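If you read the sequences in order, they're chains V and X. Letter 211 of the first sequence, counting from 1, is numbered 211 in the numbering used here, and no numbers are missing. Letter 189 of the second sequence, counting from 1, is numbered 189 in the numbering used here, and no numbers are missing.
None of these hints come from the bench; they were simulated from the model. Treat the hints with care, as some may be off.
[As the list claims (entries may be wrong)] Computed footprint of chain X on chain V; a stretch qualifies when at least three of its residues, placed anywhere within it, have a C-beta under 8 Å from a C-beta of chain X: (1) 98–106; (2) 189–197; (3) 218–230.
[Stated by the list, open to error] Over the 12 Å line for every Cβ pair with chain V, so calculated as not near, a few chain X residues: (4) D10; (5) Q16; (6) R54; (7) A118; (8) R159; (9) T167; (10) V206; (11) T222; (12) E234; (13) A246; (14) F249; (15) L267.
[As the list claims (entries may be wrong)] Just a sample of chain V residues kept apart from chain X, beta carbon distances all over 10 Å, derived: (16) Q31; (17) W207; (18) S262.
For clarity, every value in this text was computed on a predicted model and none was experimentally measured. No residue lacks a Cβ here, since even glycine has one placed at the ideal position from N, Cα and C.
The primary structure of each chain is shown beneath.
Number of protein chains: 2
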Amino acid sequence: MTDTALHPFDRAVALQPVAGQANLYEGHTSQDYWNMVGPFGGATAAVLLQGALRHPQLLGNPVSLTVNYAAAVVAGAFQVEAIPVRTNRSTQHWLLQLTQADETGEQQVTTTATLVTALRRETWSLTDLPFPNLAPASDFEPMSPAAKGVAWPKQYEMRPVSGAFPTKWDGTGETSRSQLWMRDAQPRPLDFLSLAALSDIFYPRVWLRRATPVPAGTVSITTYFHTDAAQLAEVGTGYLLGDARAQEFRNGFFDQSAQLWSESGALLATSNQIVYYKE
Amino acid sequence: MTDTALHPFDRAVALQPVAGQANLYEGHTSQDYWNMVGPFGGATAAVLLQGALRHPQLLGNPVSLTVNYAAAVVAGAFQVEAIPVRTNRSTQHWLLQLTQADETGEQQVTTTATLVTALRRETWSLTDLPFPNLAPASDFEPMSPAAKGVAWPKQYEMRPVSGAFPTKWDGTGETSRSQLWMRDAQPRPLDFLSLAALSDIFYPRVWLRRATPVPAGTVSITTYFHTDAAQLAEVGTGYLLGDARAQEFRNGFFDQSAQLWSESGALLATSNQIVYYKE
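All chains, full assembly: derive it from the sequences and hints.
Now the structure itself:
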């Protein structure tokens, strides 16, 4: 299989081990997932997660991932360091970093992350949030990603149910909540990597709430995974329902709280982020 | 002022710089904030935050703090390492670690954390969640902390409004939501450290939802701060309203989503955690 036969997402999260360095991988940014001034944050989250998932010492599956966007990632090569700092009987704690060489060749940190993975056992379980009672994805039109120079939205099929991307920037916003059906535009079975990326798919809540396009960017995102390989396989290439809203906009930062459901009503992931905005 | 003249919380989060080590501090666990098998997780979060807040290179105030509880902290001395990994014009990214010496004297990681601090400017701001319409704290009885060997609840005045600690473990739980008025039992003006600690005050949601006392413990907590020094000073020693609920209980882990409000309806912090539970 040649590289171009790979799904664009698999190319974007591809990592090669650095010879002789146990915890170090090399990768390359993807133009397919390019955002305005760097890669789509969801792709960066996924590539950091990938550093742990392909590590020979990995224990279990992802439970909690926090990614901090410290500086813009520039187009080109990067390194991912994935350190298993503590391995317990059923949980494992990771430190992850994405670095890029500066003009002198020295690696500089652009992104930091922490990850908890775990071997999970079947226990009493319960979804304590009602599954939104929405019409199926086929009832809603796919949005057409438009903005020039921004490639990543083309990688996703997004069918807004409510809170669609503003069409008029006239300051009339009334809500910060968006619900949409979503999946990879080119079919790809859901896995932890794409679930991590999809958790960051929601455009800045401040644009919706204000109907005003101020500069904004995610500073830190935390995703909790409530699923396993068997359930991911059931979802396959089906739609997810994304539901996101803000709670507080205050002096340059707002938070966003999101749920990612399967079509059959399984709450696969809950995700929160804090986002910088201007003005 | 002698040590015993300090507030118990100030003793619990006290750190001393290690001579000749720019990013390293020493501290000691506090019996006042002891939980069942280690310190109250909120106190551990606060002491990690303290490592950055007293660092000479600190820029601005806390925006986002994630703390990962990798291993139990034992009674005794510990070290906090606080590394400013990236300083931008208005934001700063930190890596924090709490370590304790093992029997050979080598420092082992018990807790990892990441922190974002920022210089904040006044911007358009909005609380996009309704302030719960509750009667004042004085209308509700303080709960009497009881459990043997668990000291930390005595450090807080907690007045449950709903979702109080179960009095019967009979499997009849119906909700995962708790609302309570809370503040330090011994008055102490609110600051970022105590706000970080209070974000972890809620007992495990799985106990409430099931009315069943299974083993449970926080694995990772993320708190977003939406406040500043002036607003904290206004709150002073007043009550906060804590509101917490779970979204998903699944195969050994549940999430908790919480809001911390001032009495006058300012949303000071929003916090999420993922919690291990058994059975």
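To see whether the hints hold, each was checked on the structure:
no.: 1; hint: 98–106; result: violated (count 0)
no.: 2; hint: 189–197; result: violated (count 0)
no.: 3; hint: 218–230; result: holds (count 7)
no.: 4; hint: D10; result: holds, 27 Å
no.: 5; hint: Q16; result: holds, 24 Å
no.: 6; hint: R54; result: holds, 21 Å
no.: 7; hint: A118; result: violated, 7 Å
no.: 8; hint: R159; result: holds, 23 Å
no.: 9; hint: T167; result: holds, 21 Å
no.: 10; hint: V206; result: violated, 8 Å
no.: 11; hint: T222; result: violated, 4 Å
no.: 12; hint: E234; result: holds, 14 Å
no.: 13; hint: A246; result: violated, 5 Å
no.: 14; hint: F249; result: violated, 5 Å
no.: 15; hint: L267; result: violated, 5 Å
no.: 16; hint: Q31; result: holds, 25 Å
no.: 17; hint: W207; result: holds, 12 Å
no.: 18; hint: S262; result: holds, 12 Å
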